[in-house]
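> Quick note, the sequences are listed as chains B and E, same order.
Under this note's numbering, the first residue of the first sequence is numbered 1, with each subsequent residue one higher.
Under this note's numbering, the first residue of the second sequence is numbered 1001, with each subsequent residue one higher.
These are calculated hints, taken from the structure and not from any lab test.
Treat each hint with caution, since some may be false.
[Claimed, not checked] Computed from the model, here is a short list of chain B residues facing chain E with C-beta under 8 angstroms:
| # | residue |
| --- | --- |
| 1 | T706 |
| 2 | T748 |
| 3 | Y815 |
| 4 | W819 |
Don't be surprised by glycine CBs; every beta carbon is placed ideally from N, CA and C.
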Amino acid sequence: MTYLHDTGVAPRANAPQPQQDPANEGSGPGRVGQWIRWLAQQLEVAPGAPWWMWLWRCLVLPATPERALLPWLLQPGRWLLAGLVFVLRWGWKGLALLLNGVFWPIRLFLRAMDRLATHVNVEKGMRLADQVLSPLMEIPGLRWVVLGVGLLAGLVVMTTPFNWLGQTLFMLLCWGLSLVLRRLPGRYPSLALAAISLLAMGRYAWWRVTSSIEFESAIESFLGYGLLAAEAYTWLVVVLGFIQTAWPLHRRPADLQGQSASWPTVDVYIPTYNEPLSVVRTTVLASMALDWPKDKVKVFILDDGRREEFREFAESMGVGYIVRPDNNHAKAGNLNHALGKTDGELIAIFDCDHIPTRSFLTTAVGWFQRDPKCAMLQTPHHFFSPDPFERNLGTFRRVPNEGALFYGLIQDGNDFWNATFFCGSCAVIRRGPLLEVGGIAVETVTEDAHTALKLHRRGYTTAYINETQAAGLATESLSAHVGQRIRWARGMAQIFRVDNPFLGKGLTLWQRICYANAMVHFFFGLPRLVFLTAPMAFLFFEWHIINAGAIMIALYVLPYILQSNIANAHVQGEHRHTFWAEVYETVLAWYVALPTTVALINPRLGKFNVTAKGGLVDEPYFDWAISRPYTVLVLLNFAAFGMGIMRLFFWNTEETATVLLNLLWTVYSILMLGAALGVASEARQVRRMHRVATRLQATLYQDDGTVFQAVCIDFSMTGVGLELPEGTRLAVGEKVQVGLWRGHAECTFPATIMLHRGQGATGLQFDPMTREQQIDLVQCTFARPDTWRQWSDSHDIDRPLHGLQEIAQLGVLGYRKFWESLLEAARSRWPTGSQRKQQGLGA
Amino acid sequence: MRVIAVVSPLGGVGRTTLTAHLATLLARQGQRSLAVELCAQNLLGRHLGMHEASAAGWARAAADGQWWAEGGFDNSDGVRVLPFGEASLETVHTLHQLLQVQPRWLRDQIELLDIPSDSTVLLDTPLWPSPWAQAALQCADTVLVALEASARASAALGSVRALLRGATAAPGEQGVLVTRFDPRRVSHREALQTLREQWGEHLIPYTLHEDENIARALARAMCVGNLAPHAQSAHDLQGVCNWLEGQRAAPASMLVPGATLP
């Protein structure tokens, strides 16, 4: 039975109704009744209402949607907001224009320096330097003398006090010099730039330690020394990083020697725990397609989940299948167990979703032949799916991702000092040395780096080849990503405690420095949190934790930031765009801080959590759990900003420079936190099987015998996307065959048209294929030696200021997404009146 | 003037198709081309605009002792065609005797042609071994041997080698082209693999796909490039044309992602 709410609203007063002229109607009581009805209509009193309702209605008309009070009161508020937005937008544009004009002479200067750089003949200079310096450098001991003299000179430059004029001149000279140097090719200009930035940093550090540590109260001392400690951490990391990446080795693959009968045997391990078979299948197929004599390579699936479908799959494919009765020590234990069951001379390890190209072994094994002491060779971890940063911020394939710096530069730099460490996958290890150190290390959760440390202590060498020979899936969601990083941070802190690289024998000084940097890098949590909250000390409580005038601070900090950005952009620019390190660290800081501290104190505490691969984000959502700490920080920073504005205009008008500096710092933190919030807003992933974008020659065979030329624009194991010429007539559901090339040979695969747009982009899904066809497919797509070669061609060039602007935009976007998610959550929690009413009417 | 001979010891591999299409592609690139049909099948004109087999041709004229190139015509693509023409058994016999008496007859006639000096003459030949095919081999600067992707072709290794020994073209100008290739068929893929091993560098990197579009084009008396410019066979034929122009490298777009289509 439908039940209607009596809302007490009569038909609208201005609804068209036959006008009843009360004066002309009937007579007597009927007439009075008509008068009453007419009055009831005008006053909008419901029939049968009590007597006081009539009086009330003389004064107050009933509420209707048009006459609601609250929205009408809020109307001016809305106009005010619209006006404010208008002013802000045009004000922003005006400000941008003004800044453009102000910076015009600086841009001229930049262009002049660039022009100067083209006149410098680097080749001749280098040849001259080689001719003169090389024979000199051969004199034993002279290198250390030169280093010593250089350090001494550097110390003098760093500790000479300047007044503001001197410091400004110094800054301008350094800046001009580095603008010229950054345009010159070669290693020496990079070294020179890094040296200049170290000088600027040294000057800043010296000034900071000597002239700005005088505090008036205990709390200021505590906070001040805390900030100094955080800054000292960054200085340490910069110095260690400079040494680590001073001379990237750029090792080329070594050619294989001898006949194929003399090549070593290789076991391929694919450890898996709870990943789905669809993810592991491609890796296994690609491993079977490796270019290596068939009798010298064996593939093994190491299944810690002991699943029946995996066993059947291994049997049908003809690969090995190894299980163990327990799951002690997770992946390390799994690998060690398999070590006992196999006997290949070399062991290639792939994570279950890292698909190797067929040239992996032919690229990697050469160095094992050339260098008998080589125990491990590592290749880059490449991801063909976007990680949470790239997906949620929309920077996939435009901006290099987080791992690009490590695999593109840092490991290359490590290689020069013989400090490349094992990263868990996409590597080849020699069995003998591995057994000597007792197999994969189980004492820490970062078993890979620890194993390499042990190998180095024994005097073995490791190698790194910076050519992508395998590719896999990135972490699927921010929570999975954070979980993985927590594990790495905890593991590195454990190693630092348990097997400190500075103690114990077997390592050279440079190896110790490289390992130390790898571990110390993960302690960024606390310092980053300090930097995000430091200005609040002044803005909230008026505590001065840096005891120096704001102008002097600016004069010392500015060259440091400027120089380090120029140096970083030159050295790291193609592997990491400027300012992105801040975003990565901001996102992870809170989560990494506690595990590293705990692990430093007691390495045995803490759980190990596995990263899940192959999960799907099917509905976009905002990860509230992960973003709670950022939300708190954001609120604090906004509050600090508000206090800062008040202080600027009312309370601390005699310390304008200090307030401005703190405000600027807070704005910077707010932008970075905004980008972090943006990462927490998970965008939708469309497919389970990630498509890899590419451009490959392809052919389309239709049933009627016609054959068309096509371009394959993306592929996965379940389907391809083809670009077909205009006017090709295809029907959805049509069965076709797709031809792809594997070297010279063309292989065809049965497929069905899934979607076809007139402009030519067509989506196809593969029909069930035989085992040979699946192997062929992997060889035509993932396992091509050149699949990943042109990956970074689509990256934008690093332009620091532009990058800062982009991050700022991402920050604003992050706040918008956060606000929208907040509104949506509120709306679903507290539905407004009209929504509730509509729900009631449905009964 | 450059003379290209399209020969094969196997029938039905597409010599006439190849001659017609290559002549059209060259003409489209601005090179004057003349397609001469030495094969009595008399089908060359069907690819190049004639809806019926040509009655006029060079065979009767040459057998009668007249100037052989009277029966030629130009088509709308700018290709000059000299078809065989209708010929009886006696005509063919007379022509064979002509060649026996004047082995250099074909070469002399070609040189006497009134065509620009930078044009290309393509010779469509009958099955080798045959006198006319031999004559074509002896006056050609470039030789294209057409083989289909089958066991027949891999078994013909000996005869193709003998064929090439009798050619006057330089070894660098001798190419083996695989035609009518359907990678959906296992036998074709295996045959191609075998042919690749047999011929190595002589094998032209482009393989001509078996494509219904060519048959459709023939039905309309066109070249496939006019009917369906995006057909795979059109792409392959363009590749062969590039090879003729001197680009001997493997096609870039086949192997390197990121390259754009030609």
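> Now, for every hint given, state plainly whether the structure supports it.
Now for the hints, and whether the structure bears them out:
1. T706: With a closest approach of 5 angstroms, the T706 (chain B) hint holds.
2. T748: Holds, because the Cβ-Cβ distance from T748 (chain B) to chain E comes to roughly 5 angstroms (cut-off 8 angstroms).
3. Y815: violated (37 angstroms)
4. W819: With a minimum Cβ separation of about 40 angstroms from chain E (threshold 8 angstroms), the hint on W819 (chain B) is violated.
Comparing the model with each numbered hint stated earlier shows that hints 3 and 4 do not hold.
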